[in-house]
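Engineer: Sequence:
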Amino acid sequence: MHTHSWRKAWPGAVAAGLLALWGCAVIGVRARPEVDDSWLARVPESQLSGVQDAQARAAAARDAATRADVAWQDAKQALAVSRKQAQVIHAREEAARSALELAQSSGNVDVIRQAHAEVEAAEMAGVAASADMAAREQAVRTAEAQEHLEERKVEAEEAKVSLAEYEALARSGEAHAKELSEAEFQAAVADAQARVADAESVLQQQSCRLDAARAQAEQLRAQAPGYGGAGGQTQ
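In my numbering, the protein residues as written are 6 to 240.
To be clear, the hints were calculated from the coordinates, so they are not data collected in a lab. Hints may contain errors.
The calculated label-pair distances, taken between Cβ atoms and stated as ranges, are [said to hold, decoys possible]: (1) PRO230 to ALA96: 12 to 20 Å; (2) ARG88 to GLU184: 51 to 59 Å; (3) ALA104 to ARG67: 52 to 60 Å; (4) VAL116 to SER206: 54 to 62 Å; (5) VAL116 to ALA220: 33 to 41 Å; (6) GLN92 to ALA188: 53 to 61 Å; (7) GLN109 to ARG88: 29 to 37 Å; (8) VAL75 to SER110: 50 to 58 Å; (9) THR71 to ALA227: 30 to 38 Å; (10) ALA122 to GLN224: 18 to 26 Å; (11) ALA46 to THR71: 27 to 35 Å; (12) VAL86 to PRO230: 20 to 28 Å.
Where a beta carbon is used, it is the ideal one built from N, C-alpha and C, also for glycine.
Based on the sequences and whatever the hints tell you, model everything.
Structural biologist: Quick look at the structure:
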């Protein structure tokens, strides 16, 4: 059987493409305008409800980013398990081939037939293990894209906090509001939201690739008797 080429069918170019897509979202990022805390402190508490709401949304976004980072780390750990299992299975492949060579030297037809069957089963398991590992690698890239998206959402919510602070300052009549530009705050929000959209596009692409990798892994696992994968279904 010629199965070794499948293991090389998932090149690192996918990761390079991910970095290229993210690069488009990083170029041209402008500094976010902010309201000085001492100025905001002069605004009556009763006029800060909009700021408080924006801060709550930003806090929720930071929580989501933390959870996404944890999921990314979990995906890396699952990949490490998959790699170890793949190493074991590929070692069994080599052992099966060595056993076949010995069987062939014996000239015993039944022994040779059995050795051939064991090599075939070992190779099928090897292909399945490689597919499982490829799916795990794609799961890591997808989790990374999710974490990146959540970070961009944090930036967007923080930009909205700054805008809400400016609006509260301006409505209060605080003199320092005249030193700031509402257009700059609005532009910062628009820029942040554009980066969110870019990150969502990257995640969608990575998610599609993950679906395809999982389907391939599932198909090859079904064709490899006795192979259960690194913990079963790739997550």
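Engineer: Hint by hint, note whether the structure agrees.
Structural biologist: Tested hints:
1. PRO230 to ALA96: 12 to 20 Å: holds, 19 Å
2. ARG88 to GLU184: 51 to 59 Å: For GLU184 against ARG88, whose Cβ atoms are near 56 Å apart, the range 51 to 59 Å holds.
3. ALA104 to ARG67: 52 to 60 Å: holds, 56 Å
4. VAL116 to SER206: 54 to 62 Å: holds, 57 Å
5. VAL116 to ALA220: 33 to 41 Å: holds, 38 Å
6. GLN92 to ALA188: 53 to 61 Å: holds, 58 Å
7. GLN109 to ARG88: 29 to 37 Å: holds, 32 Å
8. VAL75 to SER110: 50 to 58 Å: With a Cβ separation near 54 Å, VAL75 and SER110 satisfy 50 to 58 Å, so the hint holds.
9. THR71 to ALA227: 30 to 38 Å: Holds, since THR71 and ALA227 (Cβ atoms, about 37 Å apart) stay within the stated range.
10. ALA122 to GLN224: 18 to 26 Å: Check passed, 21 Å falls within 18 to 26 Å.
11. ALA46 to THR71: 27 to 35 Å: holds, 29 Å
12. VAL86 to PRO230: 20 to 28 Å: Because 22 Å falls inside the window, the suggested range holds.
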